[in-house]
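Quick note, the sequences are listed as chains A and B, same order. Mapping to the numbering used here: the first sequence position 316 is 316, numbers consecutive. Each number in the numbering used here comes from the position in the second sequence (counting from 1) with 336 added on.
Honestly, the hints are just simulated from the structure, not real lab data. Just so it is clear, CB atoms sit at the ideal spot from N, CA and C, and this is done for glycine as well. Hints are supplied without guarantee of correctness; some may be wrong.
[Stated by the list, open to error] Selected chain A positions facing chain B (in silico; Cβ < 10 Å):
no.	residue
1	V79
2	V96
3	D221
4	G255
5	Y256
6	E257
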Amino acid sequence: MEMFDLSLIWALIIGFGIMMYVLMDGFDLGLGILFPFAPDEDARDVMMNSVAPVWDGNETWLVLGGAGLLAAFPLVYSVFLPALYIGVFLMLAGLVFRGVAFELRFKSRRDRRGRRLWNLAFSGGSAVAAFAQGAVVGTYIQGFATENRVYVGGPFDWLTPFTVLTGIGIMIGYALLGTTWLILKSEGYIQRWAYRLTTPLLLAVLVIFAIISIWTPLVNDVVWERWFGHLHVIWVLPALTLLCMFTVYWASRRGYEVLPFIATLGTFLFTYLGLVVSKWPWIVPPNYTIWDAASAPESQLFLLIGVLFVLPFVLVYTFWSYWVFRGKVRAGEGYH
Amino acid sequence: MELDPVLLSRLQFAFVVSFHAIFPVFTIGLASYLAVLHGLFYKTRNPAWDRLAQLWTRVFAVAFGMGVVSGIVMSFQFGTNWSNFSQASANFIGPLLSYEVVTAFFLEAAFLGVLLFGRGRVPQGVHLFAAVMVALGTFISTFWILAANSWMHTPAGVELVEGTFRVTSWSEAIFNPSFPFRLAHMAMASFITGGFVVAGVSAWYLLIGRDVEANRKALSMCLWMLLVLTPTQALVGDFHGLNTFEHQPVKLSAMEGNWETRRGAPFLVFALPDQEAQQNRFEIGIPYAASLILTHELDGEIPGIVEAPPEEQPPVAIVFWAFRVMVGLGLLMIAVSLVGLYLRRGGRVYHSRPYLQTLRLMSVTPFVAVLAGWITTESGRAPWLVYGMMTHAEGVTPSLTGGMALFTLLGYVAVYGVIFYAGTYYLTRVIRYGMQPKDEEVVVDDFETPKRPWSATHTPFDDDPSREGA
Numbered sequence: 001m002e003m004f005d006l007s008l009i010w011a012l013i014i015g016f017g018i019m020m021y022v023l024m025d026g027f028d029l030g031l032g033i034l035f036p037f038a039p040d041e042d043a044r045d046v047m048m049n050s051v052a053p054v055w056d057g058n059e060t061w062l063v064l065g066g067a068g069l070l071a072a073f074p075l076v077y078s079v080f081l082p083a084l085y086i087g088v089f090l091m092l093a094g095l096v097f098r099g100v101a102f103e104l105r106f107k108s109r110r111d112r113r114g115r116r117l118w119n120l121a122f123s124g125g126s127a128v129a130a131f132a133q134g135a136v137v138g139t140y141i142q143g144f145a146t147e148n149r150v151y152v153g154g155p156f157d158w159l160t161p162f163t164v165l166t167g168i169g170i171m172i173g174y175a176l177l178g179t180t181w182l183i184l185k186s187e188g189y190i191q192r193w194a195y196r197l198t199t200p201l202l203l204a205v206l207v208i209f210a211i212i213s214i215w216t217p218l219v220n221d222v223v224w225e226r227w228f229g230h231l232h233v234i235w236v237l238p239a240l241t242l243l244c245m246f247t248v249y250w251a252s253r254r255g256y257e258v259l260p261f262i263a264t265l266g267t268f269l270f271t272y273l274g275l276v277v278s279k280w281p282w283i284v285p286p287n288y289t290i291w292d293a294a295s296a297p298e299s300q301l302f303l304l305i306g307v308l309f310v311l312p313f314v315l316v317y318t319f320w321s322y323w324v325f326r327g328k329v330r331a332g333e334g335y336h
Numbered sequence: 337m338e339l340d341p342v343l344l345s346r347l348q349f350a351f352v353v354s355f356h357a358i359f360p361v362f363t364i365g366l367a368s369y370l371a372v373l374h375g376l377f378y379k380t381r382n383p384a385w386d387r388l389a390q391l392w393t394r395v396f397a398v399a400f401g402m403g404v405v406s407g408i409v410m411s412f413q414f415g416t417n418w419s420n421f422s423q424a425s426a427n428f429i430g431p432l433l434s435y436e437v438v439t440a441f442f443l444e445a446a447f448l449g450v451l452l453f454g455r456g457r458v459p460q461g462v463h464l465f466a467a468v469m470v471a472l473g474t475f476i477s478t479f480w481i482l483a484a485n486s487w488m489h490t491p492a493g494v495e496l497v498e499g500t501f502r503v504t505s506w507s508e509a510i511f512n513p514s515f516p517f518r519l520a521h522m523a524m525a526s527f528i529t530g531g532f533v534v535a536g537v538s539a540w541y542l543l544i545g546r547d548v549e550a551n552r553k554a555l556s557m558c559l560w561m562l563l564v565l566t567p568t569q570a571l572v573g574d575f576h577g578l579n580t581f582e583h584q585p586v587k588l589s590a591m592e593g594n595w596e597t598r599r600g601a602p603f604l605v606f607a608l609p610d611q612e613a614q615q616n617r618f619e620i621g622i623p624y625a626a627s628l629i630l631t632h633e634l635d636g637e638i639p640g641i642v643e644a645p646p647e648e649q650p651p652v653a654i655v656f657w658a659f660r661v662m663v664g665l666g667l668l669m670i671a672v673s674l675v676g677l678y679l680r681r682g683g684r685v686y687h688s689r690p691y692l693q694t695l696r697l698m699s700v701t702p703f704v705a706v707l708a709g710w711i712t713t714e715s716g717r718a719p720w721l722v723y724g725m726m727t728h729a730e731g732v733t734p735s736l737t738g739g740m741a742l743f744t745l746l747g748y749v750a751v752y753g754v755i756f757y758a759g760t761y762y763l764t765r766v767i768r769y770g771m772q773p774k775d776e777e778v779v780v781d782d783f784e785t786p787k788r789p790w791s792a793t794h795t796p797f798d799d800d801p802s803r804e805g806a
């Protein structure tokens with residue numbers, strides 16, 4: 001058992017899970033955020049149909065991450081959730097409404113009130129869940145008031161101007177993932193609408209990204225030291241982020257269909273890695289590292305066996321469902 | 337009024353779990369029924385089995401979807417409201433809950449899609465195999481959840497080191513003393529629930545004359561199963577009770593409403609427990625019955641609730657009455673099953689309108705009984721979160737205020753109220769649409785439709801079935 005650093009392995013697994021979640025649920029939450037602004041009901045059908053087969057697989061990663069955290073890093077679980085109590089509730093309520101809307105919207109006739117209510121449940125749920133997730137990121141950067149491994153802050157400590165900014169940032173970022181996904185999956189006027197939205201959203205993401213990048217080191221000494229200390233090589237991450245952003249702009253201008261989405265995923269990926277290197281190895285900042293937060297090694301090992309067995313299946317299944325539903329989604333196809 | 341975060345958190349957890357539990361309790365039994373139907377069709381080629389399988393697969397899909405949606409919230413509640421407990425018990429509870437999640441996903445990834453959408457696309461044998469695996473998967477999920485829950489009642493295989501449980505023996509912790517009884521009691525409850533729902537719906541179809549041949553088969557199967565299972569469940573419940581007597585005597589005394597330790601205790605049919613006075617205000621009982629049931633001796637000694645100091649006593653009235661609701665409904669279910677056996681002569685069971693109506697109404701009883709049983713066992717554990725080792729007050733989130741707990745409690749009630757309304761409304765529509773009188777299958781090419789549980793139904797949500805037909 002001493003041969004492996006189990007906590008490190010678990011940090012990588014959970015880090016990977018969170019990244020998968022953000023990249024995948026990101027674009028379907030983004031579509032929900034864009035939902036009210038769609039040109040018409042046909043476009044909404046296309047938007048929803050483009051993610052209906054995969055969205056719950058996407059959310060799998062959230063649940064897997066949550067359960068994995070409890071098993072491997074219980075301290076994270078028992079500090080983050082109480083600290084973000086209200087935010088977690090809002091996120092869950094949002095996800096529940098959204099999940100049911102996915103199922104029942106298609107079962108409602110278009111001209112009925114039911115349809116409009118499910119539309120509202122879907123967009124409202126998505127927006128709230130996305131904002132809450134962004135606020136979680138902001139709170140993580142901010143750090144938690146803890147004493148003796150217990151959260152001691154108030155119920156609204158997480159709600160600061162900084163976390164509001166990260167919340168809005170994630171909402172806009174997800175919306176960008178949504179438009180580039182839609183470019184990939186749609187055609188005609190719906191695709192043109194998605195192209196039109198891409199540049200302004202990208203610009204908004206860039207502005208918020210810049211503000212957060214400047215703000216973060218200022219509110220946090222560890223981050224300051226990390227970025228302006230000796231470790232110059234990490235500057236490659238923001239450079240790659242900017243390169244990806246430029247690619248999104250360039251490729252969507254040129255009318256490419258796949259590249260904008262890939263580049264948006266890249267933007268998220270490198271931003272995420274940038275965040276990880278900023279905080280590593282602090283998992284409950286500012287006091288606890290991944291090793292402080294770990295559960296007993298035998299518990300980490302016990303679960304690791306099962307997860308290593310199942311993870312390949314989940315990955316293959318994920319890949320397979322995206323493969324089966326590849327190609328364009330057209331209005332009037334699919335459900336009705 | 338002072339808002340108590342512990343009480344409110346308990347209410348909140350109870351509410352969310354009750355809401356969630358309704359669906360798995362039903363789908364676990366139903367999944368096995370589906371496997372049986374697929375097996376029968378595979379063996380006999382009788383299309384009636386296939387029609388039943390199709391109908392109940394659709395119902396299963398909706399109920400399963402509801403279970404998944406309502407389950408997401410639960411896994412986060414441990415952290416939000418019971419963070420001290422989460423941290424203390426994570427070494428054991430964490431891996432178990434994760435294994436449940438992992439099993440569920442593995443099952444969904446590999447077999448649920450084949451079961452729901454594979455009909456006619458994969459070989460029949462493969463389809464049958466998928467149905468069996470889905471059924472098996474629901475049991476594996478149950479296994480993990482009940483192992484975790486039983487451990488909280490009868491903790492074993494752990495030691496408390498600096499406020500944290502460390503697992504000393506996984507097998508002792510997982511197969512803790514009350515686990516086999518709880519698992520058996522719960523699994524049978526799932527079968528009985530599935531049985532009464534299928535029987536009730538089949539009875540309703542027979543009443544309106546839909547697909548008579550298939551629904552007679554379904555009704556007959558269910559009644560045979562219930563005839564065996566409902567009395568067996570009483571027996572299993574009794575064993576579970578004896579196990580509780582051994583490991584959680586105070587809970588058992590509360591179930592019996594027995595305050596003072598005494599020999600030859602009666603079984604109280606009716607009583608008004610008064611916690612403050614530490615006695616019953618009024619009681620009607622069968623003399624010596626409790627002693628006889630629990631110790632198999634007429635003058636066997638039954639410990640009283642007062643053996644525990646007042647602050648370590650459960651809320652006696654709740655435990656006492658929830659237990660009686662469960663047992664009463666159990667007896668009712670046995671009676672209804674026996675009447676079914678009696679009515680079989682001359683096939684009256686398929687024609688007797690009062691009996692079919694009764695079965696229709698009985699579909700709800702197993703759900704109520706399960707919830708009552710669950711309230712009995714969980715309230716009976718109070719004030720212990722981990723029996724004898726950690727109280728609710730010690731396990732609750734320290735930073736949680738009563739106001740926050742109340743806010744989210746009301747929030748979840750609102751959210752689930754909407755969802756439950758939409759879900760059950762839709763479920764009843766699926767059943768209404770379910771078996772059309774005509775034999776024509778609505779062929780829908782769903783190859784391009786998303787493979788989601790509810791896509792397995794083609795029932796519209798808000799059409800008026802009486803005006804627009806199928």
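Hints, verified against the model:
no., hint, verdict
1, V79, "holds, 7 Å"
2, V96, "holds, 6 Å"
3, D221, "violated, 25 Å"
4, G255, "violated, 26 Å"
5, Y256, "violated, 25 Å"
6, E257, "violated, 20 Å"
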